[in-house]
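**Student:** Kindly generate the complete structure, drawing on both the sequences and the hints.
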Amino acid sequence: MPPNKKTELKVFLSYSQRNQDLAYAIMLSTKDQISKKPEFNYELKFLYDEDRFIEGDNIYEGILNALDEADCILAILTEDSLQSPYVIEELTRAHDRRLEIIAILENENLKDKVPWFLKDTKFILKKDLTSFQIAKNVVEVLKSYDTRINPSSLQGITSNLSQIVKEINSSKDNLYKGFKIKLAENLLTQVDREIRSLQTSTYEIAISEEQNFLLRAGPVFGLSKRVYSTSVEKISTFWTNKQCRQEAKQYIKYQPKNTFRLFVFDSPKKMHAYGNILNDHYDSYGEEGGVYVTTSDNYEKLVGSFCNSKSKIKNLSDIDFGILCFEEKTQNDSPTKFVEAHLNGKELFLYEKDNKKNRLVNEKNLVSFFEKLSEIEPGKMSKDNKIIRWKKNLFSDHMLWNDYLRKLFKQITGEVIHCVYFHKEAKKYFSVNDLINYKDKLYQHLNENYSGKFLGIHVGSNIMLNAKDGKYGGELTMSSDYVYALHIKFKDEQTLAKYYTDIIHSNIRQEIYSIICSNTEKIYNVLNNNKIDEEEKRILFQNIERAIAHSLKRCDFIETQAIESIIKMPPIDF
Numbered sequence: 135m136p137p138n139k140k141t142e143l144k145v146f147l148s149y150s151q152r153n154q155d156l157a158y159a160i161m162l163s164t165k166d167q168i169s170k171k172p173e174f175n176y177e178l179k180f181l182y183d184e185d186r187f188i189e190g191d192n193i194y195e196g197i198l199n200a201l202d203e204a205d206c207i208l209a210i211l212t213e214d215s216l217q218s219p220y221v222i223e224e225l226t227r228a229h230d231r232r233l234e235i236i237a238i239l240e241n242e243n244l245k246d247k248v249p250w251f252l253k254d255t256k257f258i259l260k261k262d263l264t265s266f267q268i269a270k271n272v273v274e275v276l277k278s279y280d281t282r283i284n285p286s287s288l289q290g291i292t293s294n295l296s297q298i299v300k301e302i303n304s305s306k307d308n309l310y311k312g313f314k315i316k317l318a319e320n321l322l323t324q325v326d327r328e329i330r331s332l333q334t335s336t337y338e339i340a341i342s343e344e345q346n347f348l349l350r351a352g353p354v355f356g357l358s359k360r361v362y363s364t365s366v367e368k369i370s371t372f373w374t375n376k377q378c379r380q381e382a383k384q385y386i387k388y389q390p391k392n393t394f395r396l397f398v399f400d401s402p403k404k405m406h407a408y409g410n411i412l413n414d415h416y417d418s419y420g421e422e423g424g425v426y427v428t429t430s431d432n433y434e435k436l437v438g439s440f441c442n443s444k445s446k447i448k449n450l451s452d453i454d455f456g457i458l459c460f461e462e463k464t465q466n467d468s469p470t471k472f473v474e475a476h477l478n479g480k481e482l483f484l485y486e487k488d489n490k491k492n493r494l495v496n497e498k499n500l501v502s503f504f505e506k507l508s509e510i511e512p513g514k515m516s517k518d519n520k521i522i523r524w525k526k527n528l529f530s531d532h533m534l535w536n537d538y539l540r541k542l543f544k545q546i547t548g549e550v551i552h553c554v555y556f557h558k559e560a561k562k563y564f565s566v567n568d569l570i571n572y573k574d575k576l577y578q579h580l581n582e583n584y585s586g587k588f589l590g591i592h593v594g595s596n597i598m599l600n601a602k603d604g605k606y607g608g609e610l611t612m613s614s615d616y617v618y619a620l621h622i623k624f625k626d627e628q629t630l631a632k633y634y635t636d637i638i639h640s641n642i643r644q645e646i647y648s649i650i651c652s653n654t655e656k657i658y659n660v661l662n663n664n665k666i667d668e669e670e671k672r673i674l675f676q677n678i679e680r681a682i683a684h685s686l687k688r689c690d691f692i693e694t695q696a697i698e699s700i701i702k703m704p705p706i707d708f
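Following my numbering, the numbering of the sequence shown begins with 135 at its first residue and continues without gaps.
A couple of the hints might just be wrong.
[Claimed, not checked] Below 20 Å or equal to it, Euclidean Cα-Cα: the simulated EDC-like pairs (lysine to aspartate or glutamate) are:
| # | residue 1 | residue 2 |
| --- | --- | --- |
| 1 | Lys368 | Glu582 |
| 2 | Lys404 | Asp531 |
| 3 | Lys368 | Asp452 |
| 4 | Lys387 | Glu421 |
| 5 | Lys520 | Glu505 |
| 6 | Lys170 | Glu142 |
| 7 | Lys526 | Asp417 |
[Stated by the list, open to error] What follows is a set of in silico ranges between Cβ atoms, one per label pair, in the way DEER data are often shown:
| # | residue 1 | residue 2 | range |
| --- | --- | --- | --- |
| 8 | Glu242 | Ala619 | 54 to 62 Å |
| 9 | Glu274 | Ser585 | 46 to 54 Å |
| 10 | Phe691 | Glu486 | 46 to 54 Å |
| 11 | Val660 | Thr694 | 39 to 47 Å |
| 12 | Tyr616 | Val660 | 27 to 35 Å |
| 13 | Asn199 | Glu627 | 54 to 62 Å |
| 14 | Asn583 | Lys253 | 44 to 52 Å |
For the record, the hints were derived by calculation from the structure and aren't laboratory data. Ideal placement from N, C-alpha and C gives every residue a C-beta, glycine not left out.
**Tutor:** Written out as structure tokens, the structure reads:
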């Protein structure tokens, strides 16, 4: 910025045409008072109807353009303006853009008529004040912008940021500095929005893990020449998160045309649900690059082929990753400049080529893998590794899609529910609150150790409704034999099998059994004696199960999925 040139502060002026004289008087007086204060570090510019609209323009488009340009909004709220659809539209749009609204209220009786998002606003009350006095109050509010625009208390921070940007710009490696500068720009823009929200009566900022990832990942992907990546459904949850919809769409647009992405799914239901999401990817890069889908089982077999070492296969299986190439192919067909990106569901890591310690992917093998996939025609399945190359609206060809899903997934099953029902006699020994305590222990353990596989836990006690058939009026028979229920939902049958052998689960089971039946406690004491062999332990435990059988029932159910019904359901909107 040239020396001595002040920063310009743009204020959107919102008012009813019937209050034009008052609005202009306040505007002119405010500008005059600020111009006489040399200590202010900005010049004031008002955006109002004569400046922002040309006759014949679309009024709403004019409002949007002006609000995009404005730093804040000064609203004259009178009986007339609060009945004006234009003023309400301006206020609503300003609120949507998180602009600070400086509100001048004609009188306190109008507080109930202001929009809901202004209810907690500290108004400047007009009452009997002159336009000069009102402007004086406005100037006091605008004083804070002096520190917002040029804050002396933050000079050290801004100096450090400037130095960091300078060092990135002076980097000899032009291939990397481009995305670093863009990433810094995105982050600073986000920080600016957040700090501006502190100026308003309501602090509001998006803090979800998905949104933070999308904010950072977009520019990194966008500046690369080619991308080879995976997207595992249970890890990249932002695709189906409605709150991240716009950010996710923008993220797709960032992808270069030479992007190759493999999507991985646990079930045919999830794969079908992604239909519109896959379409969006295909529209962005599917013809020059490639969009592919496969199953979790198949992916686990493949991941070792492009992992850096056998010891790191498990690490690579538990993340989404990408190789971002920042130059065209070399003579030996191998990228020499790249960034390796990792997303584990909560954190994003970026490693440049010289960071050998943290790299998990053998980039040469990964490129070869995707180049082989690029030979598959869109809409076809590979013969040897059960991968489909997506084409637009593939799911709408029901016969073909049905056939593909059956070939991909061995068992057409879904989620599993583990059910335990406690007989009414259990009520003599413990309450539902005791069971809730066990639930809390299990919840914490399952949440920490069954990531992506544990879907929820429910504890309840029975209710005896006087239930009647809606058509015939007869009373329905309700069972009172069981008083408590415990339901745990898992992703699949394999996870339930793991849960049954879990030591924590075994300990909780022992506590419950010992409370319900004192005989079992005695057998457990014998079981915990290290002198008996494994076969004796197995037989003794079977005695425990027989003793407890009258006190609880255990049963498990797996969701049965019919492909025919799945493919008739519309995919998720995107």
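**Student:** Could you run down the list of hints and mark each one as holding or not?
**Tutor:** Verification of the hints:
1. Lys368 to Glu582: Given pair Lys368, Glu582 holds - Cα atoms ~15 Å apart, limit 20 Å.
2. Lys404 to Asp531: holds, 17 Å
3. Lys368 to Asp452: Measuring from Cα to Cα gives roughly 10 Å; hence the hint holds.
4. Lys387 to Glu421: holds, 14 Å
5. Lys520 to Glu505: Satisfied, since the Cα-Cα distance of roughly 16 Å is no more than 20 Å.
6. Lys170 to Glu142: holds, 16 Å
7. Lys526 to Asp417: holds, 8 Å
8. Glu242 to Ala619: 54 to 62 Å: holds, 56 Å
9. Glu274 to Ser585: 46 to 54 Å: holds, 53 Å
10. Phe691 to Glu486: 46 to 54 Å: Because 49 Å falls inside the window, the suggested range holds.
11. Val660 to Thr694: 39 to 47 Å: About 42 Å separates the Cβ atoms of Val660 and Thr694, which means 39 to 47 Å holds.
12. Tyr616 to Val660: 27 to 35 Å: holds, 30 Å
13. Asn199 to Glu627: 54 to 62 Å: Cβ of Asn199 to Cβ of Glu627: about 57 Å, so the range 54 to 62 Å holds.
14. Asn583 to Lys253: 44 to 52 Å: holds, 46 Å
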